[in-house]
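Based on the hints, put chain B in the right spot on chain A.
Number of protein chains: 2
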Amino acid sequence: MNIKLAKRMSNIKASEIREILKITERPDVISFAGGLPAPETFPIDDIKRINQLVLQESGSRALQYTTTEGYAPLRKWIANRMNCRLGTQFDEDNIMLTNGSQQALDLSGKLLLDEGDIILCESPTYLAAITAFRAYGCQFIEIPTDDNGMLIDELEITLQTYDRIKAIYVIPDFQNPTGNTWNLERRQALASLASRYQIAVIEDNPYGELRFEGAFLPSVKSFDKEGYVICTGTFSKIFCPGYRIAWVAGDKELIRQFVIAKQGTDLQCNTLAQMEIAKYLECCDIDAHIEKIREIYRHRRNTMLDSIKRYFPTNIRFSQPEGGLFAWVELPTYIDSRQILTMCLKENVAFVPGAAFFPNGGGHNTLRLNFSNMSEENIIEGIKRIGHVIHAALK
Amino acid sequence: MNIKLAKRMSNIKASEIREILKITERPDVISFAGGLPAPETFPIDDIKRINQLVLQESGSRALQYTTTEGYAPLRKWIANRMNCRLGTQFDEDNIMLTNGSQQALDLSGKLLLDEGDIILCESPTYLAAITAFRAYGCQFIEIPTDDNGMLIDELEITLQTYDRIKAIYVIPDFQNPTGNTWNLERRQALASLASRYQIAVIEDNPYGELRFEGAFLPSVKSFDKEGYVICTGTFSKIFCPGYRIAWVAGDKELIRQFVIAKQGTDLQCNTLAQMEIAKYLECCDIDAHIEKIREIYRHRRNTMLDSIKRYFPTNIRFSQPEGGLFAWVELPTYIDSRQILTMCLKENVAFVPGAAFFPNGGGHNTLRLNFSNMSEENIIEGIKRIGHVIHAALK
Numbered sequence: 011m012n013i014k015l016a017k018r019m020s021n022i023k024a025s026e027i028r029e030i031l032k033i034t035e036r037p038d039v040i041s042f043a044g045g046l047p048a049p050e051t052f053p054i055d056d057i058k059r060i061n062q063l064v065l066q067e068s069g070s071r072a073l074q075y076t077t078t079e080g081y082a083p084l085r086k087w088i089a090n091r092m093n094c095r096l097g098t099q100f101d102e103d104n105i106m107l108t109n110g111s112q113q114a115l116d117l118s119g120k121l122l123l124d125e126g127d128i129i130l131c132e133s134p135t136y137l138a139a140i141t142a143f144r145a146y147g148c149q150f151i152e153i154p155t156d157d158n159g160m161l162i163d164e165l166e167i168t169l170q171t172y173d174r175i176k177a178i179y180v181i182p183d184f185q186n187p188t189g190n191t192w193n194l195e196r197r198q199a200l201a202s203l204a205s206r207y208q209i210a211v212i213e214d215n216p217y218g219e220l221r222f223e224g225a226f227l228p229s230v231k232s233f234d235k236e237g238y239v240i241c242t243g244t245f246s247k248i249f250c251p252g253y254r255i256a257w258v259a260g261d262k263e264l265i266r267q268f269v270i271a272k273q274g275t276d277l278q279c280n281t282l283a284q285m286e287i288a289k290y291l292e293c294c295d296i297d298a299h300i301e302k303i304r305e306i307y308r309h310r311r312n313t314m315l316d317s318i319k320r321y322f323p324t325n326i327r328f329s330q331p332e333g334g335l336f337a338w339v340e341l342p343t344y345i346d347s348r349q350i351l352t353m354c355l356k357e358n359v360a361f362v363p364g365a366a367f368f369p370n371g372g373g374h375n376t377l378r379l380n381f382s383n384m385s386e387e388n389i390i391e392g393i394k395r396i397g398h399v400i401h402a403a404l405k
Numbered sequence: 011m012n013i014k015l016a017k018r019m020s021n022i023k024a025s026e027i028r029e030i031l032k033i034t035e036r037p038d039v040i041s042f043a044g045g046l047p048a049p050e051t052f053p054i055d056d057i058k059r060i061n062q063l064v065l066q067e068s069g070s071r072a073l074q075y076t077t078t079e080g081y082a083p084l085r086k087w088i089a090n091r092m093n094c095r096l097g098t099q100f101d102e103d104n105i106m107l108t109n110g111s112q113q114a115l116d117l118s119g120k121l122l123l124d125e126g127d128i129i130l131c132e133s134p135t136y137l138a139a140i141t142a143f144r145a146y147g148c149q150f151i152e153i154p155t156d157d158n159g160m161l162i163d164e165l166e167i168t169l170q171t172y173d174r175i176k177a178i179y180v181i182p183d184f185q186n187p188t189g190n191t192w193n194l195e196r197r198q199a200l201a202s203l204a205s206r207y208q209i210a211v212i213e214d215n216p217y218g219e220l221r222f223e224g225a226f227l228p229s230v231k232s233f234d235k236e237g238y239v240i241c242t243g244t245f246s247k248i249f250c251p252g253y254r255i256a257w258v259a260g261d262k263e264l265i266r267q268f269v270i271a272k273q274g275t276d277l278q279c280n281t282l283a284q285m286e287i288a289k290y291l292e293c294c295d296i297d298a299h300i301e302k303i304r305e306i307y308r309h310r311r312n313t314m315l316d317s318i319k320r321y322f323p324t325n326i327r328f329s330q331p332e333g334g335l336f337a338w339v340e341l342p343t344y345i346d347s348r349q350i351l352t353m354c355l356k357e358n359v360a361f362v363p364g365a366a367f368f369p370n371g372g373g374h375n376t377l378r379l380n381f382s383n384m385s386e387e388n389i390i391e392g393i394k395r396i397g398h399v400i401h402a403a404l405k
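Top line first, the protein sequences correspond to chains A and B. Just so we're aligned, residue 11 is where the first sequence starts under the working numbering, counting upward by one. Just so we're aligned, residue 11 is where the second sequence starts under the working numbering, counting upward by one.
Check each hint, because a few of them may be wrong.
Repeated chains share a single entry, so a pair holds when one copy, or any two copies, can fit it.
What the hints assert, rightly or not - Once the Cα atoms are required to be at most 27 Å apart in a straight line, the calculated BS3-like pairs of lysine-lysine come out as:
(1) Lys262 x Lys17
(2) Lys32 x Lys262
(3) Lys23 x Lys86
(4) Lys235 x Lys17
(5) Lys14 x Lys235
(6) Lys405 x Lys394
(7) Lys86 x Lys32
(8) Lys356 x Lys405
(9) Lys14 x Lys262
(10) Lys262 x Lys23
(11) Lys356 x Lys32
(12) Lys405 x Lys319
Don't read these hints as lab results, they were simulated from the structure.
Extracted from the complex, chain A is given alone in its bound form:
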C-alpha cells in the first residue's frame, strides 16, 4: 500500500486492551482485562417489549434520520437525572447524545485541541481517552494522584507553568483504571482552578451511578459557575453498551459547538436506540435495575478484594474502589506486569498491564483488574492463579 497517511496516524496505535480482549475471547480464559458489564444484567425481556412498543407507536420515525443533538425526551431525562444526582442545573439543550462516551471524548478533542496543545490528566488515566486526544496531536502532562484524586497543589503549579494547556481530563468517580474517587474538597478546588485559569475541564463519568457504599458526591460541574466543565455520561454501564448511547453535557453555547462537530463526524446516533432507551425509562424502573447491577458488582468487588488479600503477596498495594468496575494493583517496582501477563495467559487468566494507562510511560509494575464481568467463582480462581504467578516472580 503506497497511500501516504496523515501524521496523526503514527501517534495512535491499536488499543492494547482490545488486542488482549481478542486473545481472551476463548471461553476457558478468565478475563479481568475488559471493562465489560455483566451481560446477565441486561434487561432483555424489557427490551423486547419496548422495541415492539416503539416500532408499533412510531416505527417510521424511529427508523428515519433525526436531529444531531438527539431525541428530546431522552435529553430531558438525562438533564433531570444529572440535576438530581450530580447537582447540575441543566435542561435538554445542555445535552447532546453521543455514540458512546468515547465519542464525547473524541469530540471534546475536536473542539478544543490544536496540534501541540497540552491536556492535563490524572496519572494514570483512561487508556482510550489517551487514544482519542492523541489523534489531535496534543501532549499530555500527568498530574500525580492519591486515593482522593489529583494532588491540587501539583495541578496548580502545572497550570502556572505551561502556556498551551487546553483542558484538564478527569474521572472523579471510581476512576478507570484505579477505582479511586475524588473527595469533595478536590472537586471544589478543581472547579475553582478551571475558572481562575480559564481552562476547560472534561469530567468523564461513566461509572458514577455504580456506587456500592458511601454517599454520592456532587460533580465537579456542580461547582462550576462559568461553564468551564464539560460532563460525559453513558447508558453503557447502567443499561447496555451495545446501544452506544451516551452524552456530553455543558454550557449551551458549547453544546451547540459539539452539535456542529458531530454533524461532520457522523450526523447523529441510532434513532431507534435513542427512542427505545427513552421508552424504557418511561415504562420500566431503571433505579431498581441499577440497584440490581450494584448488588452483583458489590459482591464481585468484595470477592476480588478478599481474594487479592488471600492470594497475592502481603506487601502488594491495591485500591479499595467504592464503586465502578475496576481495581488497581501496584507490584514491587522490579516486576514488569507485562511479563506477569505473559505467564498468566499460559494459565488462562488475563488483565491489562498498567503501563498502558500512563501516556508518558512508566507504571510497568501496575495492573488493572476488572471485577464486573466474571462470576465470583471465576474471580476467586483467576486471582488465585495471578497470585501464584506473582509469588513466583518475587525476589
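Chain B in isolation, oriented as in the chain A frame:
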C-alpha cells in the same frame, strides 16, 4: 463562555441543510430539501420480527460490546454484495462497519489529511463531505464535471500541478447533488490516474443500488489493482437510516488503519443494529425490498422531471438522474437561488440552494431537489410553486 476552541472549529459551521430541515419540519411544508428516504418503505413488520429473533437467540451478545470492525457475518454479506454488484474482490477483512457513511468520510479524513493538504472533488460535491474533510484543515480543488463525471483532462492537469494532493473524493453513481453518473471510461481513467499519481480515491456510493433504469456499472474500485481506492456503502438508503449502519471497504492494511482510527473515535457501531441487519438479510428478501424502493422513487423522479418540464421556464437546465434521490437545477446566472428559497418558504416549499455544494464558492444560481421523500401529489404541487417563484424572478 471563555473556553478557547481549536482553530478547526472556525473552519466548520452548522450544516445548511440540517438548519433548513428544521424550518421544514412543519407538516404543511413541501420539502425537497433533505435526503430522507421514504419512510413508507421501512420494513417495520419485518424489523419487529427480526428484533425478537435476535434478542431471543443472542440477546446477551447483541446488547454487549463487540469488535471495532463489526459483526463478521454482516461484513461477509457486504463483501459478497460488493463483489457481485461492483466487481470488487473483497472478503470480510476488507470491510469495517461505520456509524453511517458520514463516519466513513470523517475517518477517511482522519487517516489521510494533514493540515494544508489538498483534496480534489467534483464541482459541485456532497455538502457533508466538505464539512467532514474541512475539519482536518484541508483545501479543496474542484474539478469541473459534466453529465458523465469529472473531466479527466482537468483532473490530470491538477494532479500534475499540485504537490499536496492527498485524495480524490467522488460519488460516481447518482451523485449528490447533481444526480449524474460517471460513465465506464471515466471510472477506468480515474483508477488509472490514482495509481499513476499514487493518490487515494474515496469512492462514496450511498445510492448505487437505487438504479431506476440502465445497467449497473462496475465501481472505480474494480479497476484498482493496487489498493488506492477506498469505497463506502450504506444501509441507510436500502433499509433504514435510523440504524446508522454503513461501511468502508478497501485494502486490508488500510482497513486495519481505519479500525485503529475508529477505536479512538467511538469504539464500535451499535451491536444490536449490526446483528438485526445481518438477521434481516438472512431471513428476508432484500432484493425484493430494494425493487420496491426503486419502483417508488422511479415514479417520483418521473413526476418531478415531468413537473419541472411543465412548470419551470423552458430555458432552465436540469439533470436527468438514472437513480438515487436528487435532481439538480441551473437557473439563469443572474438569479440567486437563496433568494428564490426565501420566497419559496413563504409558499411553504423548500429545497437546498446549490451554493452549499461548492467548497470554494459559486453556484449561486443552482439548486438541489430531493424526490424520494414526498408523494407524487406533493411533488407536482411543490414544483409548481417553485416554478411560479422562478418565473416571477426572470428578467
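Verification of the hints:
1. Lys262 x Lys17: Cα proximity of lysine 262 and lysine 17: across copies only (20 Å, versus 33 Å in one copy).
2. Lys32 x Lys262: Between copies only: 18 Å across chains, 40 Å inside a chain, cut-off 27 Å.
3. Lys23 x Lys86: between (37 Å within a copy, 25 Å between copies)
4. Lys235 x Lys17: For lysine 235 and lysine 17, the Cα distance is within 27 Å only across copies (26 Å; inside one copy 38 Å).
5. Lys14 x Lys235: Between copies only: 17 Å across, 46 Å inside.
6. Lys405 x Lys394: For lysine 405 and lysine 394, only the intra-copy Cα distance (19 Å) is at most 27 Å; the inter-copy one is 87 Å.
7. Lys86 x Lys32: between (38 Å within a copy, 19 Å between copies)
8. Lys356 x Lys405: within (21 Å within a copy, 83 Å between copies)
9. Lys14 x Lys262: This pair counts as between: shortest inter-copy Cα distance 15 Å, intra-copy 39 Å.
10. Lys262 x Lys23: Between copies only: 16 Å across chains, 34 Å inside a chain, cut-off 27 Å.
11. Lys356 x Lys32: Within one copy only: 15 Å inside, 58 Å across.
12. Lys405 x Lys319: For lysine 405 and lysine 319, the Cα distance is within 27 Å only inside one copy (19 Å; across copies 88 Å).
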